[in-house]
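Let's have the full structure, built from the sequences with the hints guiding it.
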Amino acid sequence: MDGADLLAVYDRALPIVYGYFLSRCGRPALAEDLTAETFLAAADALRRDPASTVSVPWLIGVARHKLVDHWRRLSREERSLHAVADDTVPREDVWEVHLDALRARDTLERLAPHHRVALTLRYLDDLPVAAVAELLDRSVHATEALLVRARLAFRRAYVGEGCDD
Amino acid sequence: MTDPFAALRRPVAPMDPDPAFAVTLRARLQQALDPRGASMTVAPDVPAAGSGGGPRHGDLAYVSLWVPDVERARRFFGSVVGWRYDPTGRQIEGLSLHHGFWGSERSTLFLCIGVDDLRAAVERVRAAGGTAEEPHEEPYGLVSGCADDQDMQFALYALDPVGWPRPAANGAVQGDLSYVTVETVDAARFRRFFGAVAGWRFSPGRAEDGWGVDGIVPMTGIHGGHPRTTVVPMYRVDDITAAVARVRAAGGTSTDPEPQPYGVTADCTDDQGTRFYLGMLG
Chain A
32 MDGADLLAVY DRALPIVYGY FLSRCGRPAL AEDLTAETFL AAADALRRDP
82 ASTVSVPWLI GVARHKLVDH WRRLSREERS LHAVADDTVP REDVWEVHLD
132 ALRARDTLER LAPHHRVALT LRYLDDLPVA AVAELLDRSV HATEALLVRA
182 RLAFRRAYVG EGCDD
Chain B
58 MTDPFAALRR PVAPMDPDPA FAVTLRARLQ QALDPRGASM TVAPDVPAAG
108 SGGGPRHGDL AYVSLWVPDV ERARRFFGSV VGWRYDPTGR QIEGLSLHHG
158 FWGSERSTLF LCIGVDDLRA AVERVRAAGG TAEEPHEEPY GLVSGCADDQ
208 DMQFALYALD PVGWPRPAAN GAVQGDLSYV TVETVDAARF RRFFGAVAGW
258 RFSPGRAEDG WGVDGIVPMT GIHGGHPRTT VVPMYRVDDI TAAVARVRAA
308 GGTSTDPEPQ PYGVTADCTD DQGTRFYLGM LG
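Chains A and B are the protein sequences, given in the same order. Offset between the first sequence (1-based) and this note's numbering: plus 31. Offset between the second sequence (1-based) and this note's numbering: plus 57.
Bear in mind the hints are in silico, worked out from the structure with no lab data behind them. Treat the hints with care, since some could be wrong.
To be verified - Chain A regions said to be covered by chain B (calculated; three or more residues, Cβ under 8 Å): (1) 45 to 51; (2) 55 to 67; (3) 72 to 85; (4) 127 to 133; (5) 162 to 174.
Using N, Cα and C, we set each Cβ at its ideal position, and we do this for glycine too.
And the structure:
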């Protein structure tokens, strides 16, 4: 019984899913909301397709989609979605720097949502570009362009050259 | 040259959320996964019982297994029927009907009956010769602790407009309560009292002075002629032969499985003398 599978894995999976959101968003209340959305979406997916296999990696996959949805919603609210559709690739110079972990995390939090999500999936989650593209529902080319712009925005914000827009 | 961004990599570290959040989410998941709820809304904040129908007046709203040593009973029933417990250890998780534990000298199953109008039901208890506390708020709802006119303790519960889904008559999953047997002193007196108080209607059962309560869930029957009142639960199991072996291995006693018209049952006691049945039902 697949519902029972989800409940059976719940105790083990809950801290992993919550830990994922807490480290990516930094706010416990938001992490709780996204955790709840993830498990309820998993229950919904199981109801629709009882043959799905419930596993922790599968749940993290659902969690990533919820993270993307969350930042996409924020993006729409901030009216910066137009930037995601831009396929032009600006010039990216080599940046020789050793990133300070705390300052880097702080910088990420100040980025526009569409930049933050791209860098989170590519670098914090260490996903290949193709996987990031699938999660963002973009072409690989558009995703690579987005990553270049995101890295440049990060660099400007890290170095202190102004806000990301 | 190493990509400076590679230093951002952060593998996921598990973090325990607030325990109250964990318990609440688990309960929401159980509701969401309820097969009877397949047509219900997916919105997490909408209570599930609207379209499926909640418990009805006269149904059991809650039961509690009264045992001398709760911890011992948790271990015993955990191993025999697979019960899992909430963090406080007082509630059994994953069952179709709220089921708790309570410490008491004598083992019995304590019944809490759901009623539409608690105030009126309290008056009816008193008018019928029983005793009833003034309704008071418990974490789970408005309750009145009562005793009938043969000194059986029970409780009344104000049914929420939106409560939990009405359980199946004989439970659904292993560990669910599938039948309740009230062994009482005077069955006729019992029928008069609970007929008046809870609206229970009775049909003759197969045994001499045995009666079934019509239409309530879980299915309940009463039997007269006993020296004192004891309520004996029957719990569903998937494999009764294996369950009987587990009862004996855990220090309880059990009859061998006995075929019945409705399934296979065994008559058991736990390792504290708590009587219960196991039922492998259709």
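Hints, verified against the model:
{"no.": "1", "hint": "45 to 51", "verdict": "holds (count 6)"}
{"no.": "2", "hint": "55 to 67", "verdict": "holds (count 5)"}
{"no.": "3", "hint": "72 to 85", "verdict": "holds (count 4)"}
{"no.": "4", "hint": "127 to 133", "verdict": "holds (count 5)"}
{"no.": "5", "hint": "162 to 174", "verdict": "violated (count 0)"}
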